[in-house]
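Starting from the given sequences, assemble the full structure and let the hints guide the process.
There are 2 protein chains.
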Amino acid sequence: MTKWVYEFGGGTTDGDTSMKNLLGGKGANLAEMSSLGLPVPPGFTLTTEVCTAYYDNNETYPDDLQAQIDAALKAVEAKTGKGFGDASNPLLVSVRSGARASMPGMMDTVLNLGLNDETVEGLAKLSGDRRFALDSYRRFITMYANVVMGMHHHTFEDILESFKEDEGYFLDTEITADNWETLIGEYKSAVNKALGKDFPQDPQAQLSGAIDAVFGSWMNERAIVYRRLQDIPAAWGTAVNIQAMVFGNMGDTSATGVAFTRDPSTGENSYYGEFLINAQGEDVVAGIRTPQTLTKLAREKMGDTQPSMEEALPDVYAQLADTFAALETHYRDMQDIEFTVERGKLWMLQTRTGKRTAKAALQIAVDMAAEGMISHDEAVMRIEPASLDQLLHPTLDPDAPRDVISIGLPASPGAAIGKVVFNSDEAEAMAKAGEKVILVRLETSPEDIHGMHAAQAIVTARGGMTSHAAVVARGMGRPCISGAGDIRINEELQQFSAVGRVVKKGDIVTVDGATGQLLAGAAAMVQPELSGNFATLMEWADSARTLGIRTNAETPADVETAASFGAEGIGLCRTEHMFFEASRLGYFREMILADDKEGRVAALAKILPVQRDDFAAIFRIMEERPCTIRLLDPPLHEFLPTNEAEVAAVAEATGVSKTDLLARAKQLHESNPMLGHRGCRLGISYPEIYEMQARAIFEAQAKVMEETGFNPIAEVMIPLVSISKELEILSAKIADIAKAVEAETGKAVTYKIGTMIELPRAALRAGGIAQTAEFFSFGTNDLTQTTFGLSRDDAGKFMPDYVAQGIVEKDPFVTLDQNGVGDLIKLAAERGRESRPDIKLGICGEHGGDPASITFCHNCGLDYVSCSPYRVPIARLAAAQAAISAKSA
Amino acid sequence: MTKWVYEFGGGTTDGDTSMKNLLGGKGANLAEMSSLGLPVPPGFTLTTEVCTAYYDNNETYPDDLQAQIDAALKAVEAKTGKGFGDASNPLLVSVRSGARASMPGMMDTVLNLGLNDETVEGLAKLSGDRRFALDSYRRFITMYANVVMGMHHHTFEDILESFKEDEGYFLDTEITADNWETLIGEYKSAVNKALGKDFPQDPQAQLSGAIDAVFGSWMNERAIVYRRLQDIPAAWGTAVNIQAMVFGNMGDTSATGVAFTRDPSTGENSYYGEFLINAQGEDVVAGIRTPQTLTKLAREKMGDTQPSMEEALPDVYAQLADTFAALETHYRDMQDIEFTVERGKLWMLQTRTGKRTAKAALQIAVDMAAEGMISHDEAVMRIEPASLDQLLHPTLDPDAPRDVISIGLPASPGAAIGKVVFNSDEAEAMAKAGEKVILVRLETSPEDIHGMHAAQAIVTARGGMTSHAAVVARGMGRPCISGAGDIRINEELQQFSAVGRVVKKGDIVTVDGATGQLLAGAAAMVQPELSGNFATLMEWADSARTLGIRTNAETPADVETAASFGAEGIGLCRTEHMFFEASRLGYFREMILADDKEGRVAALAKILPVQRDDFAAIFRIMEERPCTIRLLDPPLHEFLPTNEAEVAAVAEATGVSKTDLLARAKQLHESNPMLGHRGCRLGISYPEIYEMQARAIFEAQAKVMEETGFNPIAEVMIPLVSISKELEILSAKIADIAKAVEAETGKAVTYKIGTMIELPRAALRAGGIAQTAEFFSFGTNDLTQTTFGLSRDDAGKFMPDYVAQGIVEKDPFVTLDQNGVGDLIKLAAERGRESRPDIKLGICGEHGGDPASITFCHNCGLDYVSCSPYRVPIARLAAAQAAISAKSA
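Each protein sequence line maps, in turn, to chains A and B.
Sequential numbering of the first sequence, starting at 103, is according to our numbering.
Sequential numbering of the second sequence, starting at 103, is according to our numbering.
Just so you know, the hints here were simulated from the structure itself, not pulled from any lab data.
Do not rely on the hints blindly, as some may be mistaken.
Listed next, with one range per pair, are the computed distances between beta-carbon atoms [claimed, not checked]:
hint	chain 1	residue 1	chain 2	residue 2	range
1	A	K699	B	V916	28 to 38 Å
2	A	T162	B	A750	30 to 40 Å
3	A	T162	B	A837	23 to 33 Å
4	A	R330	B	T744	37 to 47 Å
5	B	E846	A	R330	35 to 45 Å
Backbone N, C-alpha and C fix where the C-beta goes; we use that ideal spot for every residue, glycine too.
Dropping the structure here:
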């Protein structure tokens, strides 16, 4: 018999934190907290396997599920001494989703389930607070009718508002118990009117409905979108947690709150959270009431006038602080916690490893290592490599003048500049059209996910640091300002006003997520600081990794940046980029248009000194770090003009007639340029091009050696080889040039000759090619194109169909296709090493900066990866994690 | 110590026929004939390794070569009892090249070497014929000055002609011994005048010079061209044969001749050859004097007035006939022989397996099998599969009226129609421009090779059945008429006249190589006869082969042709060809231009009945042979109009505006269509297309089943799969359609669903794909393109450079690249079979008709190959040969 239901709390606990896949994150951690002896309201979890079975069997449940639920419910009754549906002593429960990975706000929750016209009176008697009981009942009706029965919550808010208007009330607290009773009647009528059926009174029926709704929410649209964005497979399913209710809204000694054991924004080692006196949990997360701080220090810092929890409920605060410490010690990581205080008693409702910004992640990892809680390797494993991206890009210049429009909460750090837009669909549409946008909303809801994803940053007028906008923005790495209270949004006019200023849709603003400032116009930026925690962690990463990290760069500026980010060499210097510069393009075109070899040689002679200077500049920066320089790769037609005006200009400049120019362009035209006359095929047809480039490299080495005393190391790379003989012929020519330059300059230049492996045949024939090649660099962009038979330029037309139908899980141009392309890489590495054991192997496709692909490269035993300058630190970290994981595997 | 020199003849023989690679064909067979006890003039062979060493070491010889030559020459002196350079009893030798493969007329020969002013007198005394001795000396000077010293033979011919004019002579026979002496003096002066040095008198120096010349001729331009055309590697090298001279020009009991043991043109079992009384061997091959027949029967057949050898020299003829029989018995194949009769004594100078036409090859193989000389398998191995092509194409209708211009010798069979051209460069240029040309020459020489290759057929005014033109044309499979004596070519006017008619350059003529008739205009043709020897041999082939043979065809006419050629199924029916027909193209364009799925479905509904009829027609012909039908493959833009007029017409026809039409075309434009939105990617984006096609297939099956009672077998093939899931999705849809059609028609249709393996990733992931695919068909055209990263459409721009530099030996689009592409095929076959042991594997690229590639497919264990209809017999034969070779390996 499959065990579908696991109990927790009140002494009997079936699960623990290791069972996350089965119980979901929330369920597993509730079980774990129970086992630790922490106060957890008793309950039980329906496993994720129930969800999977439900969807696998046409949305029906396993036969033996109900009996297990009944038994578990009986156990909760026994632990609490209450009865589910017992009019005199009713057990109320919450029903919540809980997937393997956190999906904040994505799925539905029902509280106070078990209330009906009879049990509400029992709750009134038991609590001695009829108003509380009726308030709970109306909350239950609102939530249940919305989540389970599909009604809009506005229906109930409208009834409430018009009632308050009629009575002349301003605040909810003015509503009496009797008033609530009247309103409950109206709520129930509204349900009947809208749906043609009564609000369910049977607690068992209520429970079944709620369970259906939670499982059903796994496949609602916003959950599907979230999963896609976060790479969560649908097959994981969600668990459902059914737990005895505790009440934070039983008066002034009751409260509810959320907290992080450390600051998730900065990583500072101080509690970070909010609570509300006399409220239910959903009130905090929803961001409707403005909550109070946990600590006195935080209150003072923010200049808040309401008392902190430390001040208002000192005993419970102390108990909470102990719990925080226990949880951090136990989990060895920063925790994100939900708790409720019911009449002075603390109850723990959730703990999980807290999301954090990249900056906070670094701070926490470095601190915890210093505290002795984790090792350096563990600290390295704690940082998501891709998240470093947030730290590596320019931020707002703190010293530049700022034109502040409004100040809100610093909900998610980072700076962004973009055009104001007021709704998510439009944000998405503008982003698709290439615009950078800032999404400005009163508050965000799960329906805004796509707009938040499309935006550079998010600004909300309402909500706290743990509001939906804040939590989601931090998860996505988007800068966010929440609770920017002076902003008045006018959706109709598509503008907002703040302190008398008006900002219209399309106006440029700057968001500073670190301070909560919203600035007019595009503010000045500064380069990132690469010291402190970043430097510490990178040092630990470097001592863990075995994979070398190089960069793909050709301009001195990029090479400088990469060097400052720790690049240990150049893995790919694309020489063609050098020809596109206006000053050289003319000569290069002259070469293309020349009638014969002599003409080409004459034009190339003019490029030689310029190209030599290009290489010299790079060698000066890289000193004795190896520089892989790829000889000309793209087809020649890419260098010819395409439009009328340019053709005329080039004809004028080169003295070639327009007719001849167009004829040459036509002659060079290709049906499939990807598979055409490019790479080493040009070197075979026009050896003088590669000879000029090789000469420029070797002469630059000699020059820099003379100048600096350094011994620059060149790795001359031949692209697009598919046949060993191509490399043999070209390699011999290049070696001849080296000999000639050495003879002319009297300097011995240090170089290797190798090849890109970027065609399937090159991978298959790697053994033969390695007899000439001293190194291989896997050009995974082209290798992916040819292995899949997929043109990157054209794939956009059908890739959306492929993603929608689940044919590809990840874009193979972003994350290396390990099964297909990876298979070729492994095979090439094996065959290459067999014929030349000391061959140097690296990768220079864009995959070189993708953490998953880097792990693959580590496991293949490559010597290095090469990536764009800004990805160098990411690659260093990913390489370290790959090494650490492999060690412990 | 390396043995560089091998002796033969006169009792001591070092080599045998198995040593062809080392001794060359001529050397090995001279040794073999010696061993058989046949009369071979003694001599020795310098091995091909000398040639290789010579070129590997900068054209210098191995140190120990000269000593070995000296020793071998001493042995020949001993065997003949003559002395090299001995004035009283001179040994004369011939120096001839002899490569591993026959290269007729490609390389140089020197006869009578060893003659000088002194030895010529010795020869005169010895032979008792001073005129003969002097004639031999002048021949030697002419040849040696030409071949070794680089002078033109016209120089000597001019001297001779003007001498004859001065003396009033008409025939060479009128020239006296004294005249020759005078002329020899003039010849020697001419050499001195032209080269500034004397003609060498030292026989050792003569010999060294001749050896240098023969090795040097291995790298002359015509040898290089011939090797390229015949796929002979330069690394094979040539051997040099030095052999004691025997003289066919010692009077009327001397003769020289060439012969085939059976007719090389028809295969008839009767001697076929020519001889000349009182002549040296070169006289026959050069085609200058018109030779006599060997047999009386042949003489009578040709109406020749000169006596045959059978009549003129009956004793020697009888000896020759015995030798022919001995050689055929020994070599078990038809032989091509050179012989000389010196004063009534027969000497064998060469034997080799004779070249023959495809028709003759069939006749000889079938006859020899009937004679019990060879087995059926050996008979099958005797036919070059590609040569069958000559027999499979239409030939001249024997019953149609013929406008005969001239009749010559039927030198090489086959018929061809083309435009007359008079020189080889022009023939090549016109052929490159797409014209079919007939090369008409007085006679051909090795300098004409490129023009003969470019021409459809060759006609010469001079020369016999074994003239240069005849031998080379037969080797190339070109029809040829030689010795068309009525033709008078006027090169200046670029025309020829024959019996009063004038044919100008560019006029259309028809060559009938089987009868020797040259016809005016384009004559009527008939389909080939596939019975007789062809049918017999094919039957033997079929019983030997294990590989199935299918065809690539989609029109009923092609399918019929293929069936008549023995296709056992269709391996590739390209459905897109069906859409290009005018009647459907409109609907198909309507589909492409539709705004939405509904519009597409509506247009496809119009195509359905037409497409169903297409398939029904094929099923009717193929009955219960399997038909692999590939669903739509090319990108949609291929179906849209490209020029202005067509765009207007389509706009008119479809009611879509020109602007919208151009916009759609632009939207569909791709950078690399080879790697774009095509194949199954279309099926994923527009499932309705494949659904319509699947429905058409299944409905056609049901219809034909109803009609004929046959159970047509469909294999539905999905193109361009790279990811298993593509096939899973489409396969499920197609199976649903089959179910629906079965329900609608009440007929159970027999079908499989499978995929092309034409992308490297598909090959690598074959294991996963085979979980869905019931068959694989290797699409080696696209697989070659993607594995090499080489667009077939664009490769033409640089392939000539690749061939010239020896980077590719064979076009990978013609002969499968076994090392790269083949590696993927092997891997895919293995992985596919691992996950589905009974998966059917075939190949449907153009390689399916290439014999070398078929051998590879057999060795990979594929189930079948598929090729174009006319290649089916070739494939059957190649498959049989692969099976027989594998059995004996």
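Hints, verified against the model:
1. A:K699 to B:V916: 28 to 38 Å: holds (30 Å)
2. A:T162 to B:A750: 30 to 40 Å: Violated: the Cβ-Cβ distance is about 60 Å, outside 30 to 40 Å.
3. A:T162 to B:A837: 23 to 33 Å: About 26 Å separates the Cβ atoms of T162 of chain A and A837 of chain B, which means 23 to 33 Å holds.
4. A:R330 to B:T744: 37 to 47 Å: 39 Å Cβ-Cβ, so the 37 to 47 Å window holds.
5. B:E846 to A:R330: 35 to 45 Å: holds (39 Å)
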